[in-house]
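J.: Turn these sequences into a full structure, and let the hints steer you where they fit.
As a plain string of letters, each chain reads:
2 protein chains.
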Amino acid sequence: MSDRAAVVLLSGGLDSAVTLAVARSEGFACHCLSIDYGQRHRIEIDAAGKVAKALGATQHKVVRFDLRVFGASALTDPAIDVPEAPGEGIPATYVPARNTIFLSLALAWGEVLGASDIFIGANAVDYSGYPDCRPEYLHAFEAMANLATKAGVEGKRLTLHRPLIYLTKAEIIRRGANLDVNLADTVSCYQATAEGLACGRCDACRLRRAGFERARISDPTRYA
Amino acid sequence: MSDRAAVVLLSGGLDSAVTLAVARSEGFACHCLSIDYGQRHRIEIDAAGKVAKALGATQHKVVRFDLRVFGASALTDPAIDVPEAPGEGIPATYVPARNTIFLSLALAWGEVLGASDIFIGANAVDYSGYPDCRPEYLHAFEAMANLATKAGVEGKRLTLHRPLIYLTKAEIIRRGANLDVNLADTVSCYQATAEGLACGRCDACRLRRAGFERARISDPTRYA
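If you read the protein sequences in the order shown, they are chains A and B. The first sequence lines up with residues 13 to 236 when you count with the numbering used here. The second sequence lines up with residues 13 to 236 when you count with the numbering used here.
Take the hints with a grain of salt, since some may be wrong.
Because identical chains share one entry, a pair is satisfied inside a single copy or across any pair of copies.
With a cut-off of at most 25 angstroms between alpha-carbon atoms, the simulated SDA-like pairs for lysine to any residue come out as follows [said to hold, decoys possible]:
#: 1; residue 1: Lys62; residue 2: Glu38
#: 2; residue 1: Lys162; residue 2: Ala136
#: 3; residue 1: Lys162; residue 2: Thr180
#: 4; residue 1: Lys162; residue 2: His72
#: 5; residue 1: Lys162; residue 2: Ile229
#: 6; residue 1: Lys65; residue 2: Val75
#: 7; residue 1: Lys162; residue 2: Asn194
#: 8; residue 1: Lys162; residue 2: His151
#: 9; residue 1: Lys162; residue 2: Leu191
#: 10; residue 1: Lys73; residue 2: Ala222
#: 11; residue 1: Lys162; residue 2: Val137
#: 12; residue 1: Lys162; residue 2: Arg80
#: 13; residue 1: Lys62; residue 2: Arg186
#: 14; residue 1: Lys162; residue 2: His173
#: 15; residue 1: Lys62; residue 2: Glu148
#: 16; residue 1: Lys168; residue 2: Asp231
#: 17; residue 1: Lys65; residue 2: Arg186
#: 18; residue 1: Lys65; residue 2: Gly50
#: 19; residue 1: Lys168; residue 2: Val81
#: 20; residue 1: Lys65; residue 2: Ser230
#: 21; residue 1: Lys162; residue 2: Arg218
#: 22; residue 1: Lys162; residue 2: Thr70
#: 23; residue 1: Lys162; residue 2: Leu179
Source of the hints: derived by calculation from the structure; they are not laboratory data.
T.: Here it is in structure tokens:
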């Protein structure tokens, strides 16, 4: 087991929790980063704290950056409703450039820590149609990141790990269960209550519920 | 003259002011973005406001993101001194991943505005050795940005303009003077006083002063 430092983006959702478990299983000392960006589902941040602790993270940092200054997403703008049925194209819950901003913050923190590894739970299979979850996007971010920092100039290679990128939701859930992730701690719902109860109707809830069904694992999610 | 919307990163320094003037001369409706990131030289933000107004920006948005949460730069960490002589390698004033974070925020705002053009005053000639001012870095960011957003998915091309990239400081100053930029409004000093007086000794002051000398333009900078 190495104890190389890695920065792990941790939202409090299911995918990033499993990603943290994968990083831990590979021996990384995990510095978890959560971004409180003014999202509707702030309960996610509390969930992230629980998950980080349960999975033995080295530290968990919550950074506030209020993406509501730019508006234009159902996740940050109270005037836009969260859709309750899958639609065509890119959904209203897409937050402009969110992964680019989050990965940039992970890059900054990684540079300060001397970490050459960043983990993100992005997924291109059972995903919600977000441009910044696509493999080609993540590949381009990694290429850019390798030119962006001191480490890059000094020839130290940065790796952007996306261990879930080609897994279905059911496979992610199975992977998490095998790695002893307490999936009940995670919150996926876009409009979870302050107590962490899921609506059961939004895209994120539908994907999660179907994933548990297909994985034949009993769904620990508490629905409102 | 077109009136296409562009996002212009505006720090309040000399380079970004000239960049805004270039964007305006090309007919862009300029949405200026300044980031208050906990830098020592906050007077820059006031300078940015003056510059935006003087050059006819459509709007000027100041976004707060405190990069001090990550530490490790003389510009944000009061425990690290600003160097007063040019050294070897990457200087202490380098802020980890700063341009990547700023450009990501510009990308997010641009997407909300429907703007396909971003301007940055990065410079690779009389620069301070920052990795994220290099042409190859900016090229990689543009490639990533074109995969990151809704516009990218829909085939709308995003352009990252870096009009000063190959200019010397003297050429930038001449360009600014030709475009009637009031260079006295700009603040370059890393440790300017609250009144905007420059120290005259830091790297940024040295580069700026030498630029005015070489451009044979009288230096309007107010030194402490």
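J.: Each hint needs a verdict: does it hold in this structure or not?
T.: Here is what the structure says about each hint:
no., hint, in the structure
1, Lys62 x Glu38, "within (21 angstroms within a copy, 52 angstroms between copies)"
2, Lys162 x Ala136, "between (30 angstroms within a copy, 15 angstroms between copies)"
3, Lys162 x Thr180, "between (36 angstroms within a copy, 23 angstroms between copies)"
4, Lys162 x His72, "within (24 angstroms within a copy, 31 angstroms between copies)"
5, Lys162 x Ile229, "neither (45 angstroms within a copy, 35 angstroms between copies)"
6, Lys65 x Val75, "within (17 angstroms within a copy, 32 angstroms between copies)"
7, Lys162 x Asn194, "neither (37 angstroms within a copy, 34 angstroms between copies)"
8, Lys162 x His151, "both (20 angstroms within a copy, 17 angstroms between copies)"
9, Lys162 x Leu191, "neither (35 angstroms within a copy, 35 angstroms between copies)"
10, Lys73 x Ala222, "neither (31 angstroms within a copy, 42 angstroms between copies)"
11, Lys162 x Val137, "between (34 angstroms within a copy, 18 angstroms between copies)"
12, Lys162 x Arg80, "between (31 angstroms within a copy, 18 angstroms between copies)"
13, Lys62 x Arg186, "within (20 angstroms within a copy, 57 angstroms between copies)"
14, Lys162 x His173, "both (20 angstroms within a copy, 23 angstroms between copies)"
15, Lys62 x Glu148, "neither (32 angstroms within a copy, 41 angstroms between copies)"
16, Lys168 x Asp231, "neither (42 angstroms within a copy, 41 angstroms between copies)"
17, Lys65 x Arg186, "within (21 angstroms within a copy, 57 angstroms between copies)"
18, Lys65 x Gly50, "within (23 angstroms within a copy, 30 angstroms between copies)"
19, Lys168 x Val81, "between (35 angstroms within a copy, 24 angstroms between copies)"
20, Lys65 x Ser230, "within (23 angstroms within a copy, 60 angstroms between copies)"
21, Lys162 x Arg218, "between (43 angstroms within a copy, 23 angstroms between copies)"
22, Lys162 x Thr70, "within (24 angstroms within a copy, 35 angstroms between copies)"
23, Lys162 x Leu179, "between (33 angstroms within a copy, 23 angstroms between copies)"
When held up to the earlier numbered hints, the structure conflicts with 5, 7, 9, 10, 15, 16 and fits the remainder.
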